[in-house]
Amino acid sequence: MRPDIDRYWELKSPIHSWDPRLRILTLLILAFSISSAQRLPTILGCLLLSFLLLWLTKIPLSFSLKRLAAVTTFIGPFFLIMPLTIKAKPGDTIYFFSHLKFLEINVRGLYLATRVYCKAVAIVLLVVPMFGTSRFDTSIKALEHLKVPNSIIQMILFSYRYVFVFLAELKRMSLAMKVRKFTPSTNFHTLKTYGNFIGTLLVRSFERAEEVYQAMLARGYTGRLKTRVNYRTKPGDWIKSALIFAAVFGIIYFDRFFRGF
Amino acid sequence: MEKKTPIITIRNLHYTYPDGTVALRGVNLTVFEGESIALVGKNGSGKSTLIKHINGLYRPEEGEIIVDGLPVVEENLREIRSRVGMVFQDPDSQLFCSTLYDDVAFGPINLDMEPGLIEQRVREALEKMGLVEFMHRPPHDLSFGQRKRAAMATVLSMRPKIMIFDEPTSNLDPKNEAIMTGLLRDLPTTMILVSHDLPILYQTCQKVVIMREGKIDQILSMQEFISDVNLLRTNGLDFTFRCDCCHQDPMHHRYLTEEQEISESFEPSPP
Numbered sequence: 000m001r002p003d004i005d006r007y008w009e010l011k012s013p014i015h016s017w018d019p020r021l022r023i024l025t026l027l028i029l030a031f032s033i034s035s036a037q038r039l040p041t042i043l044g045c046l047l048l049s050f051l052l053l054w055l056t057k058i059p060l061s062f063s064l065k066r067l068a069a070v071t072t073f074i075g076p077f078f079l080i081m082p083l084t085i086k087a088k089p090g091d092t093i094y095f096f097s098h099l100k101f102l103e104i105n106v107r108g109l110y111l112a113t114r115v116y117c118k119a120v121a122i123v124l125l126v127v128p129m130f131g132t133s134r135f136d137t138s139i140k141a142l143e144h145l146k147v148p149n150s151i152i153q154m155i156l157f158s159y160r161y162v163f164v165f166l167a168e169l170k171r172m173s174l175a176m177k178v179r180k181f182t183p184s185t186n187f188h189t190l191k192t193y194g195n196f197i198g199t200l201l202v203r204s205f206e207r208a209e210e211v212y213q214a215m216l217a218r219g220y221t222g223r224l225k226t227r228v229n230y231r232t233k234p235g236d237w238i239k240s241a242l243i244f245a246a247v248f249g250i251i252y253f254d255r256f257f258r259g260f
Numbered sequence: 000m001e002k003k004t005p006i007i008t009i010r011n012l013h014y015t016y017p018d019g020t021v022a023l024r025g026v027n028l029t030v031f032e033g034e035s036i037a038l039v040g041k042n043g044s045g046k047s048t049l050i051k052h053i054n055g056l057y058r059p060e061e062g063e064i065i066v067d068g069l070p071v072v073e074e075n076l077r078e079i080r081s082r083v084g085m086v087f088q089d090p091d092s093q094l095f096c097s098t099l100y101d102d103v104a105f106g107p108i109n110l111d112m113e114p115g116l117i118e119q120r121v122r123e124a125l126e127k128m129g130l131v132e133f134m135h136r137p138p139h140d141l142s143f144g145q146r147k148r149a150a151m152a153t154v155l156s157m158r159p160k161i162m163i164f165d166e167p168t169s170n171l172d173p174k175n176e177a178i179m180t181g182l183l184r185d186l187p188t189t190m191i192l193v194s195h196d197l198p199i200l201y202q203t204c205q206k207v208v209i210m211r212e213g214k215i216d217q218i219l220s221m222q223e224f225i226s227d228v229n230l231l232r233t234n235g236l237d238f239t240f241r242c243d244c245c246h247q248d249p250m251h252h253r254y255l256t257e258e259q260e261i262s263e264s265f266e267p268s269p270p
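Residue numbers (numbering that gives the first Met the number 0), protein chains in the order written: chain W, 0 to 260; chain D, 0 to 270.
Okay, chain W solo, but in the shape it has when bound:
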């Protein structure tokens, strides 16, 4: 139930001391510039920059690597699918298996999958410096200062809160299944059980979420998050943003105009 991304908000680092409003805005622009990069060398440079920013936060690498596991689960299959499915173009290197002629492995597919994966990793790594270096409510409040609509802020806030509610219910229910000797197998009973499990999980999570919301209302919550934070931008914050903006321009220039190699 506890918010998790801000576990290391109390550490002292140049990223932690950066004004959250500037930090989020700057890193968001960096994330967009990474997503627009087309060439693998540029993308690898972005990846390096993300690791550098992560290192500056002093947050243990293992904390961020756990998040990469989720990215790998989603994007990992691209390495298998894209080389097999991408439409061949003149100049592509294609490998055939002598006995399985219908299987063509296009190296460009592998290259594209690598590009997508590296971009995703570079962006996901930025999430930790962006939202993990201040308390979650402070980051949310910063979004409010950046004029993000209140409905979106509330959606982020409650999604984040309820993910933990959902996980807690999930754990409780799987334990209840285990103690009654449920062993999954490939049969109708397992399918039916999982169907019931998911349905009950949704209903229970909804009920719990409703109660958390009521508990917030009962303590004066009116739909606007209030914190004790007073933001103050120091010259150092502008310098940090300027450095990142320089990197953004570097990425765009190198990616679009530099044809050195």
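Any given hint could be a false lead.
Said to hold, decoys possible - To give a feel for the contact side, a few chain W residues facing chain D, derived at Cβ under 7 Å:
| id | residue |
| --- | --- |
| 1 | D5 |
| 2 | E210 |
| 3 | V211 |
| 4 | Q213 |
| 5 | A214 |
| 6 | A217 |
| 7 | R218 |
| 8 | G219 |
| 9 | Y220 |
| 10 | K225 |
| 11 | R227 |
Because the hints were derived from the structure by calculation, they are not lab data. We put the beta carbon where it would ideally sit given N, CA and C, even for glycine.
With chain W's structure known, arrange chain D on it following the hints.
Relative to the frame of chain W, chain D by itself:
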């Protein structure tokens, strides 16, 4: 003669859930300032629905509620929620911030208190609950008993005039139950306790409001209530063991000391 001031007035309150379940059918109740009331009744009798109306979490379908002179309507909700504190049954519903401090400060911050005052209120509430040393710990690191007290602190920091507790001792071990009972007894506010745990009700409340099928069935003094074994049983109160252990004579327990009350309720009956 002492003049009593009504702090909660409920008149002809009706409420039906969106799925059509009729929860309240014309509830009339007056709670006076400084009173401690036990709200009892079987599951589904409307206790939780009623207390959620007092805080403005549910709106009456018919009838009216006046809390400390203010009708429970949209424009008064902010003021009413600062005067009526509610502690939910499951502390995990109430604790959702990354540190205990933040959770306890959540209410005062929403009431736009000054930072210095917030600090003072949080500290006081945590001191009262014996949790100051855990102030900067995430709530999930606390034991269940501590979390229950922490949930209470989150409301105490708002200094409400009325406090409502939904099953404050459920799932607590005897030691934590005794601590909680002591804390509840020392609260200087008007209090409404929803519970199935008779020892705690007996030690903290003077008046019992019995609900049945969405209505107030009876209003009795605590002494009258505990003298009637059948009434205890029909209202699903967790006192059957003690009734059985002394051969259906609950009056016996009226003469036990407070310590005996607490400890005996958790000891096995003699063969």
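Hint check: 7 Å Cβ-Cβ cutoff, D5 (chain W) to chain D: holds (6 Å)
Hint status (Cβ of R218 (chain W) to nearest Cβ of chain D, threshold 7 Å): With Cβ-Cβ at 4 Å, under 7 Å, it holds.
Chain D contact restraint for G219 (chain W) - C-beta distance below 7 Å: holds (3 Å)
Evaluation of the interface hint that places A214 (chain W) against chain D, nearest CB under 7 Å: holds (5 Å)
Interface hint outcome for A217 (chain W) [beta carbon to chain D under 7 Å]: For A217 (chain W), the interface hint holds, since the closest Cβ of chain D sits about 4 Å away, which is under 7 Å.
Hinted contact E210 (chain W) with chain D - closest CB pair below 7 Å: holds (4 Å)
Interface hint outcome for Y220 (chain W) [beta carbon to chain D under 7 Å]: Hint holds; Y220 (chain W) Cβ to chain D Cβ min 6 Å, cut 7 Å.
Satisfaction of the Q213 (chain W) interface hint, Cβ to chain D closer than 7 Å: Holds, because the Cβ-Cβ distance from Q213 (chain W) to chain D comes to roughly 5 Å (cut-off 7 Å).
Restraint outcome when K225 (chain W) is required to lie within 7 Å of chain D by C-beta distance: K225 (chain W) check passes; min Cβ-Cβ to chain D is 5 Å, inside 7 Å.
Restraint satisfaction for R227 (chain W) [CB to CB of chain D, less than 7 Å]: holds (6 Å)
Restraint check, 7 Å cut-off on beta carbons, for V211 (chain W) near chain D: Because about 5 Å separates V211 (chain W) from the closest Cβ in chain D, which is inside the 7 Å limit, the hint holds.
The structure fails none of the hints (numbered hints given earlier).
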